[in-house]
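Below, each chain spelled out in residue letters.
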Amino acid sequence: MSSPASARPKDRITGCARIGAGLVAIGLLATFARVAQLKLAPNEHLEGRSGARRALSTEPKFRGTVFDRAGRTIAIDRPVWKLALDPRYYLEHGSRRLLAAEEGPAGEFGGIETDENLARYFGPLGLVREQDRVAKMRRLCRELATRTGLSREELEDRLGPLSWDRRYAVIKPILDDWEVDLLKQWTGERRLGLILDKTTRRVTYGPDSLEMIIGKVRANGNGGSGVEQKFDLSLKARDGSLRSKRTSRGTVISIPEGSYRPGAHGSDFHLTLDLRIQELVERRLAAQLEKYNAGGGRCVVIDPRNGDVLAMVDLLRRRSEVEEAILDDPMRRVEGSLARNRNLVDSFEPGSTFKPFVWAGAVELGVGADRPVPTDGAGRIMVNLKPVPVPGRRTSVKDAGISPYKGPLKDIETILVRSLNTGMIEMVRPLSDRETRDILLRFGFGSRTNCGLAGSAEHAGQVTAIEHWSYANTSVSVSFGHEVSVTTVQMARAFSAFCNGGLMPQLRIVRPVSGKAGEPVVDSARLMMSRAIGVDIAERTKRALGKVVTEGTLSRHARSSSYSMFGKSGTADLANPEGGYFKDRHTSNVIAGAPYDDTRIVVYCVIDDPQKSIGYYGGLVAGPVVKDLVDEILSYQGVVPDLEDPGTRRESRLVDSGRRPGPPLGGG
Amino acid sequence: MQKAELLRRREPFRGSIADWRESARRITPGGPAWWNIGWLVMAAAFALSLVGIATIETTQPGQATRQMVHLAVGVLCAICVAVPDYRRLRRFTWPIAIIAVCLLVFVLLPMVPESLVRPRNGARRWISLGVTDVQPSELAKIAWIALMAEWLVRRRSYRRFGGFVLCFLVTLVPFLLILKEPDLGTALLFIPTLLVMLVAAGARLRHVLLVLLCGISLGPLAYFTPGVLKPHQVARVDAIVAQFQGDDRLERDEGFQAARARVVVGSGGLTGVGRDHAASIVSFNRLPEEHNDMIFAVLVCRWGLVGGLCLWALFIVLGLAGLRVAAGSRDAFGRLMVVGIVAMIFFQMFVNTGMTIGVLPITGMTLPFVSYGGTSLVATWIMAGLVLNVALRRPRRMQREAFDFDAPGAGS
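Each protein sequence line maps, in turn, to chains A and B. For the record, in the first sequence the residue sitting at position 643 is 643 according to our numbering, with numbers rising by one throughout. For the record, in the second sequence the residue sitting at position 250 is 918 according to our numbering, with numbers rising by one throughout.
Simulated from the structure, these hints should not be mistaken for lab results. Bear in mind the structure is a predicted one, so any value in this text is a computation, not a measurement. We treat Cβ as the ideally placed atom computed from N, Cα and C, and that holds for glycine. Just to be clear, a hint being listed does not mean it is correct.
[As the list claims (entries may be wrong)] Just some of the chain B residues that point at chain A, by a computed CB distance under 10 Å:
| hint | residue |
| --- | --- |
| 1 | F836 |
| 2 | P899 |
| 3 | D906 |
| 4 | A910 |
| 5 | G934 |
| 6 | S935 |
| 7 | G937 |
| 8 | F964 |
| 9 | G972 |
| 10 | L977 |
| 11 | L991 |
| 12 | A995 |
| 13 | G996 |
| 14 | F1014 |
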C-alpha cells in the first residue's frame, strides 16, 4: 500500500497522461473524420475532380444569324471580351501585387500605405477597413482608366460601391481589341482579380424599333422574346463536346473512341423586314409624333402580294403635361427588346378606316343592287325617310364652283369617298346581324394574323359575339369602325384584299429560304392566301378608295405627287380607361396602298392621341406620314413613279374601270 | 533551500514490506533487459518505413530504392545509438547541441559556397556531402530533445515562472535559426514538444496554460504584423482561410498544393485504387512533393481509408510503446528524452497529415518514417534507437520517484 505522500504525484502524472492521451485521441479522431469526409462525402467542388481526371471540352457553336430581306445582318453572335473584377480577391491579394509592381519587389509589405497596415490590425473595426477598400479601388480605377475607354469617374462610379463580399462585377461588357491588348500586357502573369472573359454576345443592328421585333437572347443562350424566341429551336446552336483524359494543366493525354460529339451552328434566318424601310418609318413617325405632340404611334408596312411585313414600328412618347390614356410600357424603358409590340398585342377602334371592309362586304351581299338601300323617288338615299345630305368640300366649291357630291347622295361609292357615317348605317340596314358580323370575320378580324411574332400574345381583336349583336347597338357602330377593335397588322392584312382581287395573304415575318437540299427551312413562310371578297367587289372598292385619295378625305394631305394611291383615313374617339370615350382625344389613322395598278406596299399608320389644338383628323395627322412613306419606300424599291401629272393621270386611270389588277404572287 | 529539500527527500524508505520487496526488485542491478517494449517501437518504426517505401514506389520507383538504402543506414544508426548506455552518452549532450547549433549557423552563413549549401526553393536547409545531403535541423531536433532532458533533470528552476520561461529562451536558439532557413514547420515543432516535456518533468500547469494562452494570443499578431512572417507564409494562411470560406480562387495559386492534396486524398475510396491507378491520379493532379511532404495523400489514395487507419494504428503503437518505455524507466533523463521523442514524432505526424487534408496551412514537414528523405529517416531512426536504448537499460541504483515535487513537505 502506497503512502499518501507518493499517491498525490502519481495522481498528477496519471491526470496529465490522461489529458495527453485524450488530446491525442481527439486529434486522431478529427484527422480520421476529415479523411473519411474527403473520401466518402466530399463536397461538390472536390467530387467532380477526384478520381481520374476526365475533361469535357465544349466546342462552341454560334446561334443562327438573322438577316433582313436584303441580306443585311440584323442579329449575330459575336465573340467579345468582357472585363470583370473579383472584388474580394482584388482587395485581399491583387491590390498587394499591384502595389508591389508599382514600388518594386521590396514593396510587398514595406511599401504598403499606412492605412493598409492599420487595416491589417483593426480590420474588423470597419472604418479603417473601409478606408483601405476605397483607397485600393481608387488605385485600380486610376490604372484602368489609362487602359480602357472608360473614364476614371465612370470607373469609380462602378467600382466604388463594390464591397468585400462581392465576387464578380462586370466592369465593361464589350472590350475593344486595343483595350484587350493593353490589359493583357499590363496584367501579364499577375493575378490581380481582373477577369477577362471571352464570351459570345448577341449583337443587333438597325434602328431601335427593331429591337422589340428581334427580341432578346437570355444568358443561357435561349431566345427570350421576339424572333429570337419564336424561332429559337432553329436559331439555337448545339455545342459540340469532346471527352478526354488530361493532366491538371489541361494537357490532353488521350481521347477515347467515340468521345467526340460534333456540334452544329444554328440556322440562319432571312426576315421579311427591310432595315432601310424600318429606319425610314421610324424616323418619319417619330417626327410626326413630335409635331402633333402625340402620345404614341404605330405603323405597319406590308407587301400585299405575298404578305411580307416590310416594317413594323411602335413608338411611345411620354408627355409630362398630359395624363396618358395609352397603356404604359415600363419594360420598354428598361430594354428595347423587352418592349410590348403594340402592333400585335394592343387593339383599338379604327374609326372610318374600317368602312371599306364593311362597305365591300355589304356590296358583295347585294346591298345597292338586289338589296337596295332606301331611296326616294329621285333615287336619293334616305335615312330615316329623309334624303342624306352630302356635305360639299368647301375648297372644291370655292375652287370649282361646284362639287360633284354636293347635294343628296346618289350612289353608294360616295358613302365611302365622303366617309359618311349615315350612309354606312344604311349600307348595313338590309343585312342581318350574322351577315354583318361574317363580313368582319371574312376579313380576318377577330382572329390572329399568326405572322410569326408574339405567338399567343398576339391580340385577335374584338368582334362582338353574335348573341350580343344587334343592329341598333352593333351593326350601326361597326359600320363606321366603332364597337370593334383591331390590331394594325389585322388592318394591313385585310386591306391587302383590295390589292389582290379579294385575296388576303398570310402575313409572314420570315422569308422562305431554301436549305441545302432545296427544301424550305421555315414552313410557316409558305405563301398562303384566303379569299375575303370577290374580284369585282375588290376592284370596285379599290376604285372608290382611289377616289378617297383624289377627291375625298385624303386628297389634301395624303396625296402623293409621284405614285397613285388608294386608301382611307379615320378618326376615332380615344377610349377612356375609366369608361366611355374622351370627348377631345382621338386616334388618327390612315391606311393606303400604292401604286394603284400593281400595288407593292400597304402602309397603315396610327397616331395615338394627337394634341387636338394642333390637329387630329386622320388625314391631316397620319396622312402626311403615309404619303411620305409611300414616296420614299417605292422610290427605294425602284418602282417607277406612275404619276407624271397627278391630276390627269389619276383621273384617266380611274375612268378605266374594266381593267382588273393582277398582283404577282409568290415570294418577293 | 533547494539543498534542504533534496536532503529531506533522502529519508529512509517507510512503506510496507510488500512495497519494500517490489522496490528492491526494481533496483536490482544487471545487464540490458533484452525483452522489453522498446522492440515494439522498433517494429512499428520498421513497419512505417516499409509502408513509406511502398508508397514512394507508387510514384517514384527510383526514389524507393534509395529510400531502402536510407532505411538500412537508419537502422544501422539506430543500433549504434542503442548499443552504448545512454547514461554514458548523456555527458555528450552539450557538445552535440553546440555542434548542431554550429551547423544551423553554418547553413545560414552567406559566405558558404553553394556547392556546400545550395538553396532550394529559397531555403537554406541542406549541407551537401556529395553522396547525400544532410539537414542540420533534423540533427538539431535530437540534440535539443537530449539537451532539454538534461536541462530539466539538472535544474529545478522550471517550477518557477522565471525558470519556466528560461526553457523557452534556450529553445529560441534553434527555433530562430531554423526559422531563418526558413523552415517554419520544423521550428514550430519545438514549442509543443517542450511543453510536453515540461509537463512530464513536473512544471506547474498554470505556467503551461499561461504560455498556451500567450501563444494563442500572439499567433494572430504575428500574422498581421508585417515582416514577422514571410509573404509566402502569409499566403499559405490566407489559402487555408479561403478554403474554409469555400473560396476556390486561390486553388491555382497559393492554395494549389493543398487543393491538389485534398483531391488526391479524396480519391481512392475506402480500400484504395491500386498502384497504377493511384499513380495516374497523382500524376494527373500534378501533386507537388508527392513522395515527400504529401506522401500521406498518396498513401490514402492507394490504400484508401483502410490504409490511413493502418498508418495511424502503427503510430499509435509506436507512441504507446514509447510512453510505456518512459513509464518503465526509473531514470529521469531517459524518461524525459523518450517523452520528448514520442511527442515530437506525434506532433510531426499531426502537422503533416493536417496540412495534407486541408485543416492546417502548408508547411514543409515530412511524415516521420514514411516520407522520402535520407536525413529525415535516419534522424527518426536515431530517435527510435534512443527509445530502445532507454528501454534496454535497467536502473542501477535506488533513487527517488521522478518529479514527486508535490509530496508532503516538498517545497516548490
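Hint by hint, which ones does the structure fall short of?
Failing hints, ascending: 1 and 13.
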